[in-house]
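**Student:** Start from the sequences, fold in the hints, and give me the full structure.
In the numbering used here, the protein residues as written are 52 to 428.
Estimated spans, in silico, between C-beta atoms of each pair:
| # | residue 1 | residue 2 | range |
| --- | --- | --- | --- |
| 1 | T91 | L220 | 42 to 52 angstroms |
| 2 | L101 | N244 | 26 to 36 angstroms |
| 3 | A139 | K329 | 48 to 58 angstroms |
| 4 | E365 | V298 | 37 to 47 angstroms |
| 5 | K160 | L334 | 44 to 54 angstroms |
| 6 | S246 | F164 | 32 to 42 angstroms |
| 7 | G127 | D319 | 12 to 22 angstroms |
| 8 | K160 | L364 | 47 to 57 angstroms |
| 9 | V230 | Q140 | 39 to 49 angstroms |
| 10 | S297 | R331 | 19 to 29 angstroms |
| 11 | R97 | G337 | 53 to 63 angstroms |
| 12 | K329 | D124 | 46 to 56 angstroms |
Below, a list of computed lysine-lysine pairs in the BS3-like style, where the Cα atoms sit at most 27 angstroms apart:
| # | residue 1 | residue 2 |
| --- | --- | --- |
| 13 | K329 | K212 |
| 14 | K258 | K151 |
| 15 | K254 | K329 |
| 16 | K151 | K254 |
| 17 | K258 | K338 |
| 18 | K338 | K254 |
Just so you know, these hints were derived from the structure itself, not from any lab.
Positions of the beta carbon are idealized from the N, C-alpha and C atoms, including for glycine.
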Amino acid sequence: MTRSKRVCTRLLVVDDDPGMHTLVHDLVDNDSTSIISALTLSEGLRIASLQRIEVVLLDHLLPDGEGIDRIADFIGQDRLRPIVYVTAQADSKTAIEAIKRGAFEFLSKPIDFELLRQRIAEAIEYRRLTRLPVLMDSATSKEIEGDILVGRCRSMQAVYKSIGRLSTLRTPILIEGEVGTGKEMIARAIHQNGSGASGPFRKISSKEFGDAELQVELFGGSNANTSAIRNCNGGTLMVDDIDNWSVATQSRLLRYLQSHSIDGVSADTRIILATSFKVRDLLQSGKLRNDLFYFLSPYVIRVPALRERQEDLELLVSHFMQRIAHVSSTQKEQGPPRVSNPFRFIETKTVAERDRRATQPYFFDQGNACESRLFGD
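**Tutor:** This is the structure we're talking about:
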């Protein structure tokens with residue numbers, strides 16, 4: 052059995068319309084996704100209990116009941132299994148109730164084919180991220196079985212130590228690092244090594260929302276149970292690109308961090324915030340509230356830019372080449388390889404031409420993540 056076979060995603064489609072099964076089959080990549088069909092709820096639940104099912108596409112009206120009443124049963128078999136709920140009832144009440152009961156996403160009929168393809172892809176990626184391990188770089192590591200944080204320089208060793216220390220806590224965390232330095236991988240490593248590893252992990256990019264939309268996404272609209280924070284209960288929610296948050300959004304997040312509740316609805320969700328800007332600059336420009344930073348300041352991780360890690364250059368190039376070779380060997384028929392890696396090739400190309408710069412990570416003191424010296428030289 053080849054490696055590509057082992058990682059094939061199993062998508063269960065529970066719908067009494069055979070045309071829906073054909074549609075999904077035509078929309079997804081059949082080399083990496085296996086479609087399993089069920090025409091009734093009872094058949095779908097039976098299959099899901101006997102087979103490894105990563106994602107469920109669930110219809111609302113089925114011959115033996117309403118799918119919304121069985122969402123909890125599908126999740127009960129595997130709480131990390133995303134449910135994409137589909138219904139002809141496009142009213143807000145059905146959407147809110149489906150999300151409240153644990154659905155990953157809600158779609159209304161008539162189906163927008165491209166939107167359906169996108170939502171299925173997002174659910175598959177969500178499932179992959181909750182299962183794929185993030186590995187620390189090892190000199191003896193030969194196999195590429197998951198995402199790898201690469202680096203052995205002093206500043207990366209400090210990051211590894213912080214992952215180890217902070218993963219044992221349920222505190223909020225702020226990660227600072229330029230685009231492409233691996234902030235999401237660090238967040239996943241913290242999640243996977245913490246007490247909430249069995250819970251959900253989700254990433255939200257703030258720049259994809261307007262301010263009002265972001266508040267609804269994070270905290271829910273009229274119902275807190277539909278919020279991303281509530282839906283990640285027991286797990287981790289990573290929110291990237293926080294540099295353009297409004298004062299109101301920051302205030303609402305601070306209230307949650309202090310009370311662990313949203314409008315009276317409790318939630319045990321670890322929040323990991325991330326920014327590609329220097330926290331020092333966000334504070335001085337007024338983009339980051341002092342009281343929110345004060346709450347986060349003991350738990351800040353600064354990820355060094357690649358240009359600050361010249362001693363890791365040879366190691367990184369070797370890792371890139373191994374990744375390219377692996378992708379090429381498993382996707383020979385799919386054109387040029389696409390390399391998913393936390394570092395940018397453009398930086399790798401130019402880093403040797405830059406002057407060597409001393410690394411002075413101001414969030415660490417001998418690897419301790421709990422001392423912040425923002426304004427010291």
